[in-house]
Amino acid sequence: MEILQVESTLVCTRRIEGLKQAKLLVLKNTKGKRVVAIDQVGANAGNFVFVVSGSAARHGADDYYILTDLTVAGIIDHWQA
Amino acid sequence: MEILQVESTLVCTRRIEGLKQAKLLVLKNTKGKRVVAIDQVGANAGNFVFVVSGSAARHGADDYYILTDLTVAGIIDHWQA
Amino acid sequence: MEILQVESTLVCTRRIEGLKQAKLLVLKNTKGKRVVAIDQVGANAGNFVFVVSGSAARHGADDYYILTDLTVAGIIDHWQA
Amino acid sequence: MEILQVESTLVCTRRIEGLKQAKLLVLKNTKGKRVVAIDQVGANAGNFVFVVSGSAARHGADDYYILTDLTVAGIIDHWQA
Amino acid sequence: MEILQVESTLVCTRRIEGLKQAKLLVLKNTKGKRVVAIDQVGANAGNFVFVVSGSAARHGADDYYILTDLTVAGIIDHWQA
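Sequence order for the protein chains is A, B, C, D and E. The first sequence begins at 1030 in the numbering used here and counts up by one. The second sequence begins at 1030 in the numbering used here and counts up by one. The third sequence begins at 1030 in the numbering used here and counts up by one. The fourth sequence begins at 1030 in the numbering used here and counts up by one. The fifth sequence begins at 1030 in the numbering used here and counts up by one.
FYI, nobody ran anything at the bench for these hints, they're computed from the structure. Some clues are possibly wrong.
Note that identical chains are pooled: a pair holds if it fits in a single copy or bridges any two copies.
[Unchecked claim] Cut-off 20 angstroms, straight-line C-alpha distance, at most; resulting in silico cross-link-like pairs (SDA-like, lysine to any residue):
| no. | residue 1 | residue 2 |
| --- | --- | --- |
| 1 | K1062 | D1091 |
| 2 | K1049 | I1104 |
| 3 | K1049 | E1031 |
| 4 | K1049 | D1106 |
| 5 | K1057 | G1071 |
| 6 | K1052 | W1108 |
| 7 | K1062 | Y1094 |
| 8 | K1060 | H1088 |
| 9 | K1062 | R1043 |
| 10 | K1062 | Q1109 |
| 11 | K1062 | D1106 |
Go ahead and model the full structure; you've got the sequences and the hints to work with.
This is how it looks when you write it as structure tokens:
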């Protein structure tokens, strides 16, 4: 599971049905690369989180029918980048 | 889910049956690397999109029997590269 | 789906049973890295192709029981590297 | 399966239910990149381990319903980085 | 399927049950990065092999219940790095 930092929420009005109304976050890694993930644990900008990928990401989104490949798995209590 | 920019549609007459007549896009990342994805949301050249990979890509293509590993999940409303 | 160029066929007499007699190609990316894929569409040396990975690769190999993680999905009609 | 070195345990009180109370480790690769994995074999800080990813990671976590994509598969007896 | 060179066998007495007594190899890529894979075809140190990843790796290990994400798929007859 990768460690990423939350940057912002993502606004996306035109999306596939499979994403439903899931909350989307923009996250970045230590090299500045950004990716998009589903969040169900309430992460905020600045938080360091770790994310789960693959089919586990869909189970982690509470609803297996949400078509994601990346979901926030937990917020890290203390982290130094 | 990775963030990519749409470059063009892809012309490909000789393909495996499993791709059917799906619309294919060439997308590029911030380093200029190009990949091919299925598009069902109507993305245009220049749009920034995020894509879903793995088995979710097939569900996202509306038809699970389309054999893709990458599908456009949404068009980002505002994005600065 | 990644974009790769066909380099040659691969000779491999000692292989797992799960690969059966499938035709194997050596492909390279823009950085010169080489990988091996199954081909069912008849790609030739020099062709630019895009490949499908994961479980879709097995479905794309016509026979789900061929144990590959990479299969040529289509030959690109026009491509400039 | 990748080879990584154990750095520390990870404290994470806010997590998706699917992770349950599983023990989490922070591991780093030879380039210093850190990832998070489930551990069931009792690895300690400093150990070199190899990890299994994908759906096998969930089976490796003893409980298929633990939503991980990375699990320690074994501790390497002798290793020089 | 990636192309790797066999370096040595791996000694690992403490492992998850899911790996059973499978033979483990250390392989390295052209950049010197090492990974661990299951071998059922009898590859020796110095051989160039290609490996299959994901769920196909488990089918390739003869026993679907061996929890690997990487298995040697074949030994390449002639190869120049």
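Hint check:
{"no.": "1", "hint": "K1062 - D1091", "in the structure": "neither (26 angstroms within a copy, 29 angstroms between copies)"}
{"no.": "2", "hint": "K1049 - I1104", "in the structure": "between (23 angstroms within a copy, 14 angstroms between copies)"}
{"no.": "3", "hint": "K1049 - E1031", "in the structure": "between (25 angstroms within a copy, 18 angstroms between copies)"}
{"no.": "4", "hint": "K1049 - D1106", "in the structure": "between (30 angstroms within a copy, 16 angstroms between copies)"}
{"no.": "5", "hint": "K1057 - G1071", "in the structure": "within (17 angstroms within a copy, 27 angstroms between copies)"}
{"no.": "6", "hint": "K1052 - W1108", "in the structure": "between (24 angstroms within a copy, 17 angstroms between copies)"}
{"no.": "7", "hint": "K1062 - Y1094", "in the structure": "neither (27 angstroms within a copy, 30 angstroms between copies)"}
{"no.": "8", "hint": "K1060 - H1088", "in the structure": "neither (28 angstroms within a copy, 31 angstroms between copies)"}
{"no.": "9", "hint": "K1062 - R1043", "in the structure": "neither (23 angstroms within a copy, 25 angstroms between copies)"}
{"no.": "10", "hint": "K1062 - Q1109", "in the structure": "both (18 angstroms within a copy, 13 angstroms between copies)"}
{"no.": "11", "hint": "K1062 - D1106", "in the structure": "between (23 angstroms within a copy, 19 angstroms between copies)"}
Consistency with the previously given hints fails for numbers 1, 7, 8 and 9, ordered from lowest to highest.
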